[in-house]
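J.: Work from the hints to combine the two standalone chains into their complex.
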Amino acid sequence: MLLRHTTATEYKREALTINPAKTCQPVGAMYCALGVHGCLPHSHGSQGCCSYHRSALTRHYKEPVMAATSSFTEGSSVFGGQANLLTGLENIFTIYDPEIVAVHSTCLSETIGDDLPQIIGKARSEGKIPLGKHVIPASTPSYVGSHVTGYANMLKAFVSYFPETTGTKIDQLNILSGWVEPADMRELKRIVSMMGLNAVVLPDTSDVLDTPMTGKYKMYPDGGTTIPDMVSMGDSWHTIALGEFCTRDAATELENKCKVKFSMRELPIGLSATDRFIKALRRYGKVSVPKEVEDERGRLVDVITDMHQYLYGKRVALFGDPDHLVPLTQFLADCGMKPVYVVSGTPGKIFTPLMEKALNGRVPEAKIMNGERADMFQLHQWIKQEGVDLLIGNTYGKYIARDENIPFVRYGFPILDRIGHSYFPSVGYLGGIRLLEKILGVLMDKIDATCPESKFELVM
Amino acid sequence: MATFNILEERRKQVLTKTAEGGEIACGKQSTAGSVSQRACVFCGSRVVLYPIADALHLIHGPVGCAAYTWDIRGSLSSGPQLHRLSFSTDLNEKDVVFGGEKKLYQSLIKLIETYQPKAAFVYSTCIVGVIGDDVKAVCKKVEAETGITVLPVMSEGFSGTKKDGYKAACDALEALVGTGNERRNGKYTINILGDFNLAGELWMLAGYYRKMGVDIVASITGDGRIDEIRHAHTASLNLVQCSGSMMNLAKSMKEKYGIPFKKVSYFGIEDMSEALYEVARFFESDELMEKARALVREEIGTLLPALEKYRKALKGKKAAIYVGGAFKAISLVKALRLIGVQTVVVGSQTGGPDDYALLQKLCDEGTYIVDDSNPLELSHMVQETGADIFIGGVKERPIAYKIGIGFCDHNHERKLALAGYEGMINFAEEVYASALSPVWKFIRK
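Protein sequence lines correspond, in order, to chains F and H. Take the first sequence: its position 156, counted from the start at 1, is 1315 in my numbering, and no numbers get skipped. Take the second sequence: its position 305, counted from the start at 1, is 481 in my numbering, and no numbers get skipped.
It is possible that part of the hints are untrue.
[To be verified] Each pair of labels, with its calculated beta carbon distance range:
| hint | chain 1 | residue 1 | chain 2 | residue 2 | range |
| --- | --- | --- | --- | --- | --- |
| 1 | H | G323 | F | D1256 | 30 to 38 Å |
| 2 | F | G1600 | H | G323 | 44 to 52 Å |
| 3 | F | K1377 | H | K316 | 31 to 39 Å |
[Stated by the list, open to error] Below, in silico cross-link-like pairs of lysine-lysine (BS3-like), each with a Cα-Cα straight-line distance of 30 Å or less:
| hint | chain 1 | residue 1 | chain 2 | residue 2 |
| --- | --- | --- | --- | --- |
| 4 | H | K316 | F | K1171 |
| 5 | F | K1171 | H | K270 |
| 6 | H | K387 | F | K1221 |
| 7 | F | K1377 | H | K270 |
| 8 | F | K1557 | H | K286 |
| 9 | H | K286 | F | K1526 |
| 10 | H | K485 | H | K316 |
| 11 | H | K467 | H | K491 |
[Claimed, not checked] A short, non-exhaustive set of chain F residues, derived as facing chain H with CB atoms under 10 Å:
| hint | residue |
| --- | --- |
| 12 | E1249 |
| 13 | E1515 |
| 14 | L1518 |
These are computed hints drawn from the structure, not numbers from a lab. Ideal placement from N, C-alpha and C gives every residue a C-beta, glycine not left out.
The following block holds chain H by itself, in its conformation from the complex (with noise of 0.2 Å):
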């Protein structure tokens, strides 16, 4: 057990991997006063519709919420960069006492006309649910008067959890996909289902899948445009990464229009291999097999041999990951062992039961395995694990370099590409330059 102070409340959230197995909690709400690394129902909602270029995202509520989520995300789009832009009703007392949806009207009125959307989001933020604006209506009423289609996203900061901010995300997203109609792609279809395009992701993904002469039907939502997921529901198959973020659209399209979903991660090779296998034995093609296998081999013989240096070098290393979704930390233990680095601790904000049970069959033991954790805690397990690197996110970074260890921002603020073959190389180059960087000798302890 812990050698460090936990939270009462914490305690069944924290499990350090033993030969009997254990279980961990969780899904729960924070406990008040923790310093969290969670966010809201908002920051789910955005951060999932975000990439969709050729929309436009209102954020009806006092300016904050806009502020804090302006261009934050490297979701690189192709082409339209409408969704980098920041839109706000910015409410002020007085909308508080007499309510914002006059505001809301304008604001969208003037902003379709001025920017001329695909469809337009408008994200509810607390203080919209407590006020009582009608927020349904008035995105009604905007869509009978331009045409456009504009979609509430429901997404109050109170009401749950960051996964119930995806689960309104995927709502909006429910209510697009289905309305267009043209059949336009090849044989084999796919949908991209969570996957964001950090980086540029997404389009070495797709590059794969072409080479294997699978269509993509739709990205949802990396690189993403309102048309194509109108028409996601022609495709054959919803690949789902990120399955806290997208497990309700896949779901629900199954039940509606009898797509099959299957979960994926592109991060490491195995994972990224058994992605492309996938989509060959789901269309029961033997072309598509050849194609992944020779692609997968070409991929790999070139991969290896590259990879060798960071592996003699990172060789007993260990590494601590603490990240959004619990799925991300199974692929990155695995990612990280293939270069010679054993992970000592691993959490996530987000992760379900069959995620952390996933990773206590995955980790050696002794490994922690956490959820919801906060930097006191995580903190204590790295320095108690003595870990060489950690893998996370924003709020991370200056903890692990504080502690004096490498850094690796597995989140919204990579530069690199990190999924695909390619992305091995750079996730591996990462953890190399910064594990072994030479500044960790300068520092005084």
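Isolated chain F (complex conformation) (with noise of 0.2 Å):
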């Protein structure tokens, strides 16, 4: 029992977070950047966050990820890292040749008052970016947030960069994609076409952190929103945002800049929000929804349908990120089953209300926490409390699962140790139908494993 010094009785802890339902800013920021065609995230700040975040994402993706750093020694420390970044977008420029370097900061950078926008207008003006390239600056403390906030702030850095307005409106749709897996954000592209829809996707990780195996290796992957797509945001018609806590910053700032409305939605996730997303898409791209579409529609509703029985009553613990859980939780609700404790170390005070609306009344008995000390270590003594029958989060609950004896679904980032992840999606109608074959999967394995013989059934 790896997690044996768990009990049921709380403590009150003032300090002290024990195995985190969350990481820090910049490993978000650069996922997002990571999204955008040709560009190379920087990391401004000591050689180990960069390391760090490299093989976090490694890890998940199984994929090279090119990420360059300042590489901070103790004199940056006490004069600042001026010095490193010019340097580094020199060498970045003379060796990489990317066409963007997205920099975001570091606790470190943060807390010695680096000003990343004063270091790269100093670059510019010394001629160490060539003509035609970018810079992009995002700030992203690691004391502030999560690694949902660094995305969020990401997100927001390019937004506030690209986009213009020529005056002329372009058919098409901006849809700021959340943090959602390279396999998402190619299902929302497909989404958009069946619709018969244009649409500008940031980012895209697609393509860049699912690869195919061509026996070489680009540094630049195909993939990515490019820059003529950003550029053009500006003159599209509507953005749709997808997910509060990545995508509200940088779509409020397109809005400002370029007068280009956004509408908000949750991640489309399982039935209901998939339902908005796609409402979202006819309103806005004013076409009618295909038959094709209300056939995928109508083939989640007969799996939840066909397999009810065994979804309903079943009490699920989740953890990961607000803009996942809000969704996903909503999801299990309307396929009857019963979330009833979520947690998220990201902190924001709309997640109560989020979640709340998201269970509608549905599960009084729900616990709800996010934010300081909701973590892994608070998830599992309510757990030890009173246990459930389904746990959904990131690989890091697989200790719990393991403890508790309790069927798992890995869901969320990070995921070090099953694959799929990056491949299928579990967004819209399909992604839905995904979602509960994989929960089905490990229900009815435990009970194959473990019903006495006589009850052991060969169709369920």
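T.: Quick look at the structure:
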């Protein structure tokens, strides 16, 4: 029992996080920047940060992850990191030749007061940034928010830099895709095209972190939102922003800058959230929903119908990122399940009201917690007090799942011990079917493995 | 000279072995802007102390440093598993302004009460160094109040390279060594320094030494225990593997307690056997030497025939090596040679001049020798030399695969023991299984 010390009795913790349900901002900034074509993320801080983030993303995607670092020294911590970033940018453009360098800060560079826009301005005036190349700053102090915040800040940085208004609207929508997998971004594009619409999806990590094997190593893979696409976002009809925590700031920025109005939606995870996404596409794209989309919806409802007896009343504990948890919780409740414990390390006051809306009074006993000390230890204590039938979250859930013998579906970031998340979408109606397949799989595996011989059933 | 693009500042860190030889620059700070594979001071300290399983490891700083080092190293413990949990003071904006000492104090008190560890390590991260928390004072205070040893590890990420992190870890270990005073082992006693019990390798090594009649007082730090480390000064000899990380401790124990040390490696038949003979020679015991010889004879007797299959299949294959320490790289070159594989690229993140000199002597002409490399350089060198297999760590694996060659993890993520005689078979099998995997023929280049 790896977590043998966890007890059901809760004690007051003024400080101290045990087994966090979050990580720090820069890794989110790095992931977001990888979804832009020809972009090299750059970590302005100590070398370890960059190394850890690259390793985390590499373990999750099993793909090479490129990012440069300012490689801070004792000297930089005293005199500031300006010299490091100036040299860094010069070296990057000489050797790695990206179109864009997306610089994010770290706790160290923030605390010593490095001003990224000022340093980048200096680099430009000193000719260290070749003509036609771009350097974008995002402030991502590790001691504020979480990895989700870092993603949001980087996305906002892209949006405040590239989109331009020409005065002539283009027949397209903007979709701010939120922190989802490459497969999900691919699926969003498929849904949009099924609806007969054009859209710029930003960021887009498909064909970046799920690249096919060709025997060639490409530092900048084929995928990612392109510069012309990002520039054109200023002329789009409308922006659909998916996920309050990851995309609201960027959507607001774009509206202020280019007067492109936006609508906030949840990530289209599960039935209701996908319905709302499709509705938004229909409304702002001024199209009707084609039969093939209706059919996909029908198939998802059909699966729920077929299997609802196995889902009904099952108590579920979830942890991870707010933008995933909100629609996922609603989906579980829509299927007759009981999401009883929900934990996210990401702070933000809006989380609880969003969760309450998602639950809509259907699970009065539900406990919801986010921010400080909303960690895996807390979740485990709740589970010790009253058990659950299913656990959903990233790989770090496997300790609890093993100790408590709970069926476990891996979902979120990071997933370090299974494959599939980068290849099969969990958004849209099809994604809903995949989620159900996984949930039912682990629930039924447990029944098969533990039920008495007399009740062992062939047909389920 | 290399035919690909290298940063001007890095030119002296890449060398091609020639008949005349040459010098490689190393031990340098990484060039800013480089996609370096290196990590930081904190990382160095964390990996060295991590395997001590009955200690509390509290990371003082924002949550990231704790999150990224949560159970990522396969250092096995035969007992307590406390090292595999993640504890963080999770500093936020307010703490950055007003200081994190109070949080650190409260966290430590709570943790010691809950987990009853044998000792606690408190790691300083970048930001702690800048906001000026007096970590040492807090540790002292908690130690006085709880009676549990609390050791500060001064590992601010920016304050040097990963090597300086090793040093900070050694400083903390030094404070422990000598605080226990029972002499409880036999005639021939050693400490094993610098094996981290990845995939249970330490258990294998310990088995060999026990067979010879040698007792291990402390393993620092694989399957490590605080109490054993406290008694480490009662051993007669220190065996140092992964010299980069543990040399500081070995040197200080020599100075303080007069315990001599020997640099050893447990990878490959030659080096493993030499590590056993070295101990017998040190104790000037014919009995030990005879037992060591018998053990080696027996092991090699079963090993060599078993290796034959792999040697035949791998003959003429070429390997690229990029690992953390250069001493390991040296063993790898030899081990690969034993199974018929020629090394064409070899490099490390933190090698020293002696290591690189030895590598030059060891390698064939035309071999690339490289310090603190990056993916772009590595992929060019691998393709230019036509390597069939890459030996490296987590960040190198997907690059090797993308180029369409095999890979063997010789870092934290190894799943099979690679040290010792049994490890040599595992290593050969892994290299064989990956280099000759059927998958490579499906790639349409």
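J.: With reference to the structure, classify each hint as holding or not holding.
T.: Status of each hint after checking the structure:
1. One distance hint, 30 to 38 Å for the beta-carbon pair H/G323 and F/D1256, is violated here, with the actual separation near 59 Å.
2. Look at F/G1600 against H/G323: about 50 Å separates their beta carbons, and that is inside 44 to 52 Å.
3. In this structure the supplied range 31 to 39 Å is violated for F/K1377 paired with H/K316, their Cβ-Cβ distance being about 53 Å.
4. Between H/K316 and F/K1171, the direct Cα distance comes to roughly 24 Å. Compliance with the 30 Å bound is thereby established for this hinted pair.
5. Pair hint F/K1171 plus H/K270 holds up; C-alpha atoms about 20 Å apart against a cutoff of 30 Å.
6. Of the supplied pair hints, the one linking H/K387 and F/K1221 is violated, its CA atoms being roughly 41 Å apart against a limit of 30 Å.
7. As the CA atoms of F/K1377 and H/K270 are separated by approximately 43 Å, the hinted pair breaks the 30 Å bound.
8. A C-alpha spacing of about 25 Å is found between F/K1557 and H/K286, which places the hinted pair at or below 30 Å, so the restraint holds.
9. Restraint check: the Cα-Cα separation between H/K286 and F/K1526 comes to about 24 Å, which is no more than 30 Å; the hinted pair holds.
10. Under the criterion of a C-alpha separation no larger than 30 Å, the hint pairing H/K485 with H/K316 is inconsistent with the structure, at around 58 Å.
11. Straight-line distance between C-alpha atoms of H/K467 and H/K491 comes to about 33 Å, which puts the hinted pair past the 30 Å bound.
12. Using the Cβ-Cβ criterion of 10 Å, the hint placing F/E1249 at the interface with chain H is satisfied: the shortest such distance is roughly 7 Å.
13. With its C-beta approaching chain H no nearer than about 25 Å, F/E1515 sits outside the 10 Å limit, and its interface hint is violated.
14. At a threshold of 10 Å, the smallest CB-CB gap from F/L1518 to chain H is about 27 Å, leaving the interface hint violated.
Figure legend: structure checked against the earlier numbered hints; hints not met, in rising order: 1, 3, 6, 7, 10, 11, 13 and 14.
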